[in-house]
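Given the coordinates of chain A, assemble chain B onto it according to the supplied hints.
For reference, the chains in residue letters:
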Amino acid sequence: MAGASAPLSAQSLSALEVPPPGGASSARDFTDFLARKLAAALASLAMLLVVGFVIFSVMPSNPVEAITRGHFTSPRQEQFLIRQLGLNQPLWDRFGHFVVNYLHGNLGYSWQFEEPVSTLIAQRLWPTLLLMGSSTILSVLIGMWLGVRSGWRPGSLLDRTSTGAAITFWSMPTFWLGILLLVVLSAGFGPIPSLFPAGGMSTPGSAGGLTPAHVLDVLHYLALPCLTLTLVTFGQYQMIMRSSMVDEAGNPYLLTARAKGLRDAEVRQKHVVPNALLPSVTLIFIQVGTMVSGAITVETVYSWPGLGYLTFQALQIPDLPLLEGCLIVFGASVIVFNLLADLAYRALDPRVRRT
Amino acid sequence: MTAIDQAGLVVARPPRLQALRHFAREFARRPAAMAGLAILVAITVLALTAPLFIHASSLDVINAPGQPISPPSARFPLGTDYAGRSILALLIWGTRPSLAIGVIATGLTMVLGSALGLLAGHYPGATSRVLMAFTDFFLAMPTLPLAIALAAVLGQGDTSITIAIAVTSWPGTARVVRAQTLAVEARPFIERARALGARDSQLVLRQVLPNVAPFILVQGTLTVASAILTETTLTFLGLGNPTDVSWGAIINQAFFQGAVSAGAWWYILPPGFAILIVVLGFTLIGRAIENILNPRIAR
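Line by line, the protein sequences are chains A and B.
Sequential numbering of the first sequence, starting at 1, is according to my numbering.
Sequential numbering of the second sequence, starting at 1001, is according to my numbering.
One chain only, chain A, in its complex shape (with noise of 0.2 Å):
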């Protein structure tokens, strides 16, 4: 293992630089580990699909009750209810119903919007892309830029501010950082006048369509609910990187880069920021749990019609059928980029290929 480890380290000082070394057994590793990973990867969507089932179908005592609540129901319109939802059945058939169901993308019928909870999933997740793709591009912009400038300067004044705020903003609650800026950024507080819409995704009446005018439209509205959930997440990737910078700062490379006579930005830009990426990248795609949560409660406060604002609205029947595709759909994204992590983790570092 410590023979094995010295060859090892050389090359990933380089790892973003060499191609990877070819071959049939390197080819073989790859099949095999993507099975590995993919078959993981199935039994956590299988296990979903059961926690779903229990939460939703084993959980509530009386799931007629949940959806008559409030309105007079005679006991043939129970046992109608009863027989529709198959609650008469068996629960091992129950599961199996459920299973086909949503491997048919069948994720059932919502009671609020009456309509399939696929067809409301589908119209509301390029919203929800939207928001959490570009805050993921800001954060991670606004995170490693910070994150490489204060760990390569540790407690300089650039490290101390931006630590202290990445902190500040990340265990705020978020809810009530995009109600903050709301007050003073869209209501008009003060001096400050009405600078962005209070919510939704255009202005009302807007043609859609791809013209500038209304690209702009939504950029506008996108502002304030693409900032709340930036700062509260950039502090990850700053720490990360920051303390990954630090890790680096310390191997004797940078000796010899300085000793080129490397000017101290190429040593930090191309020496030491590669290197000390990785932990970084692959946190990306592990965030996007994280990026879930908090994009049900900002879109809860700016109203963006997206998944996590389907969610709230769906909380508030409770309207059960959507909350569970909403969960899934949540879920199985999650494990998806989990997976992605695994793969960009192993295509970046070429010290897990060999395991």
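Because the hints were derived from the structure by calculation, they are not lab data.
Be careful, since some hints might not be right.
Just some of the chain A residues that point at chain B, by a computed CB distance under 8 Å [stated by the list, open to error]:
#: 1; residue: Leu-45
#: 2; residue: Gln-84
#: 3; residue: Asn-88
#: 4; residue: Phe-169
#: 5; residue: Phe-175
#: 6; residue: His-271
#: 7; residue: Asn-275
#: 8; residue: Phe-285
#: 9; residue: Gly-289
#: 10; residue: Val-292
#: 11; residue: Thr-297
#: 12; residue: Val-334
Glycine included, every Cβ here is placed at the ideal spot set by N, Cα and C.
Here is chain B on its own, set in the frame of chain A:
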């Protein structure tokens, strides 16, 4: 092998009381830890004594003493809420459910996480693998959607929020406890106890648990912070007890009763700061305990 065992026997653990004194000294030396402790003591005293200086009747929506959403004044230092109740009084009263739910949910989390962690650490092989696969699954699941689903199915109220938090936050603890259990069980005194004929339950509860307990304490302190954050989030989304006065409920009412368009900063800022301060207090203490314990594991 024997040499290591003998060395292990020579380096005996210090008596518990001495360890505790060492811990208290280290804790007192850290300003951050003492600040965290001061915050928690102040908040706890406030929560316990609140009924002495706030009348429950002044928190009644119907007979509220002031005008709705009015800015801070001499009579209401932090202004009033949508019903005309004093925000300061609501804020102080709100410490009670927030702390109670945070602490009870954490207790449940610790019991659940420690039990699974101890089992997985003590029984290696298939048991451990199954338990850890289960733990990793829940660790990867997004917390909020799962908690929302649970709380929605269980119905509005403090009990369902508490259960939802416990069910979603145990995996981290299970991982830490399992790792520490493995570390402790590799030490020679466990082998000695086994040689003396200790049963599994005795080994786990009498030998391993006391040595793992400090790490459970660290996890617990940090979990209270995240539990309070989750509790306020769930309450804000409307899953809490609708008649209760809590920080999450104050922000919920502020947001849905038009504090934003009224620019009522006095309605929105205080509950958020209260959450921040309490979360900070628990985090500071948790980090400090972690730092005090860590050099000893390294040794």
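Against chain B, is Val-292(A) within 8 Å by beta-carbon distance?
Given a least distance of 4 Å, the restraint on Val-292(A) holds.
Is the interface hint for Leu-45(A) satisfied, with its Cβ closer than 8 Å to some Cβ of chain B?
10 Å, violated
With a cut-off of 8 Å, does the beta carbon of Thr-297(A) approach a beta carbon of chain B closely enough for the hint to hold?
6 Å, holds
Restraint outcome when Asn-88(A) is required to lie within 8 Å of chain B by C-beta distance
For Asn-88(A), the interface hint is violated, since the closest Cβ of chain B sits about 21 Å away, which is over 8 Å.
Under 8 Å, Cβ to Cβ, is where Asn-275(A) needs to be relative to chain B, so tell me if that hint holds or is violated.
25 Å, violated
Restraint check, 8 Å cut-off on beta carbons, for Phe-285(A) near chain B
11 Å, violated
Hold the hint about His-271(A) up to the distance rule: shortest CB distance to chain B must be less than 8 Å.
Since chain B brings no Cβ nearer than about 30 Å to His-271(A), farther than 8 Å, the hint is violated.
Do the numbers back the hint for Val-334(A), that is, is its least Cβ distance to chain B under 8 Å?
OK, holds: Val-334(A) within 8 Å of chain B, min 5 Å.
Given hint Gln-84(A) near chain B, where the shortest CB pair must fall under 8 Å
20 Å, violated
Chain B contact restraint on Phe-169(A) - CB to CB distance below 8 Å:
Where the cut-off is 8 Å and the nearest Cβ of chain B is about 11 Å from Phe-169(A), the hint is violated.
Hint validity - Phe-175(A) Cβ closer than 8 Å to any chain B Cβ
5 Å, holds
Interface hint compliance - Gly-289(A) to chain B, C-beta minimum distance less than 8 Å
Constraint on Gly-289(A) satisfied, holds at 4 Å.
Against the hints set out earlier in the document, violations occur for numbers 1, 2, 3, 4, 6, 7, 8.
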